[in-house]
Amino acid sequence: MSGSGRERLLMGNEACTEGALAAGVKFFASYPITPANEIGEILSRMLPEAGGKFIQMEDEIASMAAIIGASLGGLKSMTATSGPGFSLMQENIGFASMAEVPCVVVNVMRAGPSTGLPTQPAQGDVMQARWGTHGDHVVIVICPSSVRETFDLTVRAVNLSEKYRVPVILLTDEVIAHLREKVTLPAPETIERFDRVKPTVSPDWYKPFDDVESGITSMANFGEGYRYHVTGLTHDVLGFPTTVPSEVKTAIERLHRKIALGLSDIIQVEEFMLKDAEVAIVAYGCVARSAKSAALELRRRGIKAGVLRLITLWPFPNAPIGKMVKKIKKIVVPEMNMGQIYHEVVRVSSAKAMVKKCNRVDGDMLTPGEIVETVMKGFKR
Amino acid sequence: MSYKKPIYQFLRAEKKFPLIWCAGCGNGIIMGAMLRAIYNLKLDKDKVSVVSGIGCSGRVSTYIDFNTLHTTHGRALAFATGLKFARPELTVIVAMGDGDALAIGGNHFIHAARRNMDLTAIIFNNMIYGMTGGQISPTTPFGMIASTAPEGNIEQAFDISKLAEAAGATFVARGATYHTEQLEMLIEQAIRKRGFSVVEVITQCPTIYGRYNRIASAVDMLKWQEEHTISIEEAKSTGEKAKDKILTGVFLDIERPEYIEQYQKLVEKMQGKK
Numbered sequence: 005m006s007g008s009g010r011e012r013l014l015m016g017n018e019a020c021t022e023g024a025l026a027a028g029v030k031f032f033a034s035y036p037i038t039p040a041n042e043i044g045e046i047l048s049r050m051l052p053e054a055g056g057k058f059i060q061m062e063d064e065i066a067s068m069a070a071i072i073g074a075s076l077g078g079l080k081s082m083t084a085t086s087g088p089g090f091s092l093m094q095e096n097i098g099f100a101s102m103a104e105v106p107c108v109v110v111n112v113m114r115a116g117p118s119t120g121l122p123t124q125p126a127q128g129d130v131m132q133a134r135w136g137t138h139g140d141h142v143v144i145v146i147c148p149s150s151v152r153e154t155f156d157l158t159v160r161a162v163n164l165s166e167k168y169r170v171p172v173i174l175l176t177d178e179v180i181a182h183l184r185e186k187v188t189l190p191a192p193e194t195i196e197r198f199d200r201v202k203p204t205v206s207p208d209w210y211k212p213f214d215d216v217e218s219g220i221t222s223m224a225n226f227g228e229g230y231r232y233h234v235t236g237l238t239h240d241v242l243g244f245p246t247t248v249p250s251e252v253k254t255a256i257e258r259l260h261r262k263i264a265l266g267l268s269d270i271i272q273v274e275e276f277m278l279k280d281a282e283v284a285i286v287a288y289g290c291v292a293r294s295a296k297s298a299a300l301e302l303r304r305r306g307i308k309a310g311v312l313r314l315i316t317l318w319p320f321p322n323a324p325i326g327k328m329v330k331k332i333k334k335i336v337v338p339e340m341n342m343g344q345i346y347h348e349v350v351r352v353s354s355a356k357a358m359v360k361k362c363n364r365v366d367g368d369m370l371t372p373g374e375i376v377e378t379v380m381k382g383f384k385r
Numbered sequence: 008m009s010y011k012k013p014i015y016q017f018l019r020a021e022k023k024f025p026l027i028w029c030a031g032c033g034n035g036i037i038m039g040a041m042l043r044a045i046y047n048l049k050l051d052k053d054k055v056s057v058v059s060g061i062g063c064s065g066r067v068s069t070y071i072d073f074n075t076l077h078t079t080h081g082r083a084l085a086f087a088t089g090l091k092f093a094r095p096e097l098t099v100i101v102a103m104g105d106g107d108a109l110a111i112g113g114n115h116f117i118h119a120a121r122r123n124m125d126l127t128a129i130i131f132n133n134m135i136y137g138m139t140g141g142q143i144s145p146t147t148p149f150g151m152i153a154s155t156a157p158e159g160n161i162e163q164a165f166d167i168s169k170l171a172e173a174a175g176a177t178f179v180a181r182g183a184t185y186h187t188e189q190l191e192m193l194i195e196q197a198i199r200k201r202g203f204s205v206v207e208v209i210t211q212c213p214t215i216y217g218r219y220n221r222i223a224s225a226v227d228m229l230k231w232q233e234e235h236t237i238s239i240e241e242a243k244s245t246g247e248k249a250k251d252k253i254l255t256g257v258f259l260d261i262e263r264p265e266y267i268e269q270y271q272k273l274v275e276k277m278q279g280k281k
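Just so you know, the protein sequences line up as chains A and B, in that order. Just so you know, the working numbering puts the end of the first sequence at 385, numbered straight through with nothing missing. Just so you know, the working numbering puts the end of the second sequence at 281, numbered straight through with nothing missing.
Just so you know, the hints here were simulated from the structure itself, not pulled from any lab data. Only a predicted model underlies this, so the values are computations on that prediction, with no experimental measurement involved. Honestly, I wouldn't trust all of these hints.
To be verified - To spell it out: a stretch of chain B is covered by chain A in this simulated footprint if at least three of its residues, at any positions, have a beta carbon under 8 Å from a beta carbon of chain A; those stretches are:
id : segment
1  : 49-57
2  : 66-76
3  : 87-94
4  : 266-279
From the three backbone atoms N, C-alpha and C, an ideal C-beta is built for every residue, glycine too.
Please build the complete structure, drawing on both the sequences and the hints.
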């Protein structure tokens, strides 16, 4: 990591690379795609200099496969992409979830569907990030709103993936990725790093997918004497394929249990002027910046508004929103899609609050003015 | 390594047997040749990884006692690329089927060959998708019957060796399950080769391919192999007789810069600059 401890003008994608190195990422594989390119370009220089591995693969399917292979080999691994590439990665994201291989996928959201608007921002991949791969899988998705937070959340993504043995998706967007802000990066020694827990038992006793209470089993790296089997097939506690219903049930329920038991650790939100608020704006990513400006403007107009910024998108922050709707009955969910998190907020508020959409899908940034207008029109007294 | 017959040393006999392959399947012969090759090379089990794809061949990784990785369909080489690059001290052997390696995994195959990372790809070529019930694969010969070609295959088959060579592999060989000793030797050579090496193995699928094409016994299919294959050396000396036969042996054994060696040079250069 270069230049920590001093002020720098950094782009979101640059901050992501700094975060990756700070977190101990030693392997990066990717395929070119706008607007994520800077991440791979920068790491193609930084990683070899830092003794790590960089490789440009033949497509995003291969990039995702390569980081899983490298992670099994013991290296903290990451890839970065955008919409179309993220679609291609889904198959192997499912593999990483099923085989519990720690890895980080950065998805710099651009406007879709399909090739869409490659250079323009959107937030259309929120549901895909959670449900993009088939089957009843688990995944963690976190979402930065600033350049500095892109650094912090990249570190956090790596740590969460190592801790929970799960793929973590850093869901950023074209605005944050290409935004330049003044940041002061923390000194390397102040950064908390989590390394996967290795087995302490002898290889003969090692159960790589044991049904432990926490759901999180220890992980042996390939080549270190444990010689176990890793498969995307539903497997027993030793990792071998099984179709025995009781073993299948145990395996799938443990995957979900490890995340369920970690919710208070995984879920992060930021409250902005919510204490006395009558209107809450629930926002994430670049739009959360507009939401904060909108809250300030609404307060100038005499409306007590605040922001609940979602840092963790998945697992969905049910608890903080559930708590909020006990008090605040007017909610706006601004998003740069046709409404994705909106439906989750409606679900959690279960008719206890009035929830309004505020959407923009034309490739331009959703402005504070649009949010203010939604509040003014939506909640007429 | 203490002396033990390969069968006891390398099979997960107590854990995962009996295996799922049909009676008469050639996959066990290939697995056996692979294990004997590993045995001959005196490789440390802890430092061997077998990565496989999806299909009947993909199950090979389940049965053998190494660091084993059963990946997604067609992607075995891409997983193996990450693993080998992360841990160059591992011997990484990639077992794939013909559909696995060349249809869904075709892109990964040609790029792995081009990149020339030190991996050994073994392609179990039974010329059909066995596990899914007998659909045509990229190596099903023209005119042969399959569940998706009930009147005969109208597509042309890939020549795996030519494809591998054109894509940049540094070692290319073809063996057959009938010629077990030659197969063991070819796999041994391929593992020893520092670079991307490919061994195509012609194998029999009596249950599916054989049944569709009215040669439903493993013995008949192996006899077919005996009659229709000829080693490259023998073909050279006999000339005319070799016509229309499938060549076996080493097609290519050349030197090209290996990826991880090149990367290491790059690292030294970049670290020296600082």
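Hints and how they fare:
no. : hint    : verdict
1   : 49-57   : holds (count 4)
2   : 66-76   : holds (count 7)
3   : 87-94   : holds (count 8)
4   : 266-279 : holds (count 5)
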